[in-house]
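Asks: Input sequences plus hints: build the corresponding full structure.
Protein sequences, first through last, are from chains E, W and Z.
So in the working numbering, spot 47 of the first sequence is number 47, and the numbers just go up one at a time.
So in the working numbering, spot 227 of the second sequence is number 227, and the numbers just go up one at a time.
So in the working numbering, spot 203 of the third sequence is number 203, and the numbers just go up one at a time.
Calculated from the structure, these hints are not laboratory results.
There's no promise every hint is true.
[To be verified] With beta-carbon atoms standing in for the labels, derived distance ranges:
id	chain 1	residue 1	chain 2	residue 2	range
1	E	A94	Z	T164	32 to 38 Å
2	E	L34	Z	E134	24 to 30 Å
3	E	G18	Z	I122	42 to 48 Å
4	E	G8	W	E535	54 to 60 Å
5	Z	P66	W	N270	16 to 22 Å
6	W	S260	Z	V71	30 to 36 Å
Please read all numbers here as calculations on a predicted model, not as lab measurements.
Ideal Cβ positions, reconstructed from N, Cα and C, are used throughout, including at glycine.
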Amino acid sequence: MEHAETAGLKIVFSVWFGLLGLTALEVILAYRQLPLETMLTVLMFLSVIKAALIIAYCMHLRYEQASLFVTLIPALVFILIMMTVIFADSSRLAHMRSLVQ
Amino acid sequence: MANMPTEAHVHHHTAPTGFIRKYIFSLDHKVIGKQYYFLAVFSVFVGMILSWLVRIHLVWPDVHIWGLGAFSPTGAPGGVISPEYYLSLLTIHGTLMVFFVLTTAPQAGFGNYALPIQIGAEDMAFPTLNMLSFWVTFLALCALVSTLFVKDGPPISGWTAYPPLSAVGSAAGPGQGLGQDLWGVSIALFCVGSLLGALNFITTTIDLRCKGMTLMRMPLTCWAWLITAILSLLSFAVLFAACVLLILDRNAGTSFFLPSGLLVNGTLQNHAGGSPLLWQHLFWFFGHPEVYIAIVPGFGVISHVLSVFSRKPILGYKVIVGCLLGIGFLSFTVWGHHMFLSGMSPYSGFLFSIPTLIITIPATIVSLLWLGTVFGGRLRFTTCMMFALGFVSVFVTGGLGGMFLAQPSLDIFLHGTYFVVGHFHMVMGVAAIFGMFAGTYFWFPKMFGRMLNERLGKIHFWITFVGVYCIFMPMHFIGLEGMPRRYSSFVNELMQPLMPVHKFMTIAALITGASQFLFFINLFWSMYKGPKASENPWESTTLEWTVPSPPPFDNFGGKHPVVYHDAYEYGVVQNGKDYVMQTDPPGQPVST
Amino acid sequence: MSSSSGGPVATATHGDDIGVWGGGALPYAVPSKKLGMWLFIVSDAITFSAVIFSYGYLRLAATAWPRPFEVPSITNATVMTFVLLSSSVAMVLAVRASSIGKVSAAVGWLVATALGGVVFDILHIHEWVGLIGEGVRPFHNPWGTPMFGAAFFTMTGLHMVHVTIGVVYLLVIAVGFGRRKFSAVDVEVSGLYWHFVDLVWMFIFPLVYLLSAKTA
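Replies: Here is the structure:
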């Protein structure tokens, strides 16, 4: 059936190397002189991929019922998206502070 | 062990023995539910006294209140409440009521008691965690109540604890020392207790329903508790983070919420880089789902009870479920309507106003479905039913005020006035409380094996119902006149013509408050001396009415109920009954 | 979590006319403890997100956010990341071993995972001590806005508390599983927690360290 033991050793080690590789990529990218917003976007994108790998393979969600995924993840993503609304005020604050300088 | 787990079970060995195991550190959801309930009763009692002090001070600011001077010599020297102490009183009033009354009894009180039985389970999914949840909440209450006794006094920043006032520490004056820290600790603990409770409720509802109890056969109370638990799971997490950051700002010198250049009482504060607006975002991101956490269990109880005492199926069961889900979802999109005047981006204001108006739609639909349920029913006017009908009345009345506040252009004038105070008291301080009363009068027979006194209950209802309108309706009008909230006195010429309204409201509050003692007397007397209750005194269809009053420790005596019917089959008379129990054999006709 | 004779067991199998959502069955086909841990993880993820979003809010609004992490700091943090990722793999192996009944192998891998957490904590505390030595405090630092230290210590501190609790939790499970007191499900549930802690670090590492790396 679909359970822990069927995520073969091969997949486990592939995921591990993938995660290490993505980490190394992040570190390399950090040392390129990219503007902050670009750097932030790229790093977050890579981190989301790493998170997805961990959730799917280490936490095993890939092999669980689809209904479990649908219950847990969209709600979490929805909350995270709603929280980004606060950044409108963050950039306003930055703008106001730059005027005062 | 199991490769494909299909079996759900809760560990229950034998009935607990010994006083401590049975009544103190009990794992039994019924005991824990009662513990939460009585925690809420204690909290509402203290909160009510605080509200009396607040209302008395508004009308008779120079009166020497007996005993208060001894209780708090700094806050109320000679028994006269100082302006700061006034704010302390309303802070603790609000915190107690919102958290320890409205977020405990409706969900953790009644939900813990009735949910497992209503879905045919032996107990909650995690009984030990359940017990832990209660004791963490109890600790939180101790921390909050202790603020009344610390040297500097309770915090003055309101239940909303806005920085900079709440974050600068004792530099801000009385109440803002240890009191505010204890408040932060109390609320953080409360968040933990709520989180643990929420995951228990969700897991129980999903995993422990008995055979035949599909989601669509669950009583609406179970749906309401489930949706409330989901809201709790997602929103208390944010409040916890906010409290941690607040405690750090106060004690570790961080500046999450404190900007630079802040002068407090003439002293420049050594902070920089933070934003008070950030607290407001975090707090209200939690705070708005919180008010739905407070009311949605009431929706469930009222939907349930109106059907039982109208002897009619609930109108639009699926629609109500959809509306509750919609309300739950939308509740995360509207928090900025508490912040229209905060200085946040006006575009955000517009963005928040739209879903705030939209959320009235499912609420209205549910209210209309309630009326449709009652219409044409063979009404049984028990006290429970009175409170349920009263709920519809006060919820609609209070909710209408929300439509005004939802519009930023109107809120510019109404924010911070008594209009807001009237609105949230009607929906939370009255409607949600009516839900709790309805729940009490409904489940008391099951919980204690005795009946509450109906005559006393009806007197209690009528005085309360008339009284709350007298207290809170005028607030809308003085709010429209511009009377500000959280002011300890009104010396302004403009406000003087409105002072008689305050006097009226205060007298109404004192009378209504006093009548609550009728309820307390009824409650405690009936627990021991009330007439014995039968298994199903209300002739209700759901599973809790198939077991003795009170139920055995494992609810169903080792049996596994099987459900064949929906939860609201009332109205068609057969075999001498006008109702079909959920567990009755299949083939009974469904009522039209 | 063995089936004892005390508890009631409601059973249903797939293919029954009522289906897995019909009551008497586990709709997600996972034991309740696992569902409970997932729900806890969702909530804790939101708590961490709120703290991280607060950091983002204040950093976006800041005028002088320092980027002080030199190569040794970044190297240290990268090694910490590698250690945590590897401990997650050890955890996967522990869960695999426990589910096929290999008790001593599972206990071994659990201890290895916990060891990874301990190494992570040690490297972390060592880094903290270094930064404190350079003058970084929650209320002050020598390089820019005082919020740098506040955000740094709060996020990494909150994470470190979770790692430490995880280490204790894993060791308790290891001992209990070894004594046949806990089941494979309990090992799996503890694994979920550990992976969650790793997952949070996947965000803290780039947002706190890499975005404050001294690149110029």
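Asks: Work down the list of hints and note, for each, if the structure agrees.
Replies: Status of the hints after comparison with the structure:
Between E:A94 and Z:T164, the C-beta spacing of about 36 Å keeps the proposed range 32 to 38 Å intact. Range check, E:L34 to Z:E134: about 26 Å between beta-carbon atoms, so the 24 to 30 Å window is met. Remark: the range hint 42 to 48 Å for E:G18 to Z:I122 is contradicted by a beta-carbon distance near 27 Å. Checked against the given bound of 54 to 60 Å, the beta carbons of E:G8 and W:E535, roughly 56 Å apart, stay inside it.
Checking the proposed 16 to 22 Å range against Z:P66 and W:N270 shows it holds: the Cβ atoms sit about 19 Å from each other. Checking the proposed 30 to 36 Å range against W:S260 and Z:V71 shows it holds: the Cβ atoms sit about 32 Å from each other.
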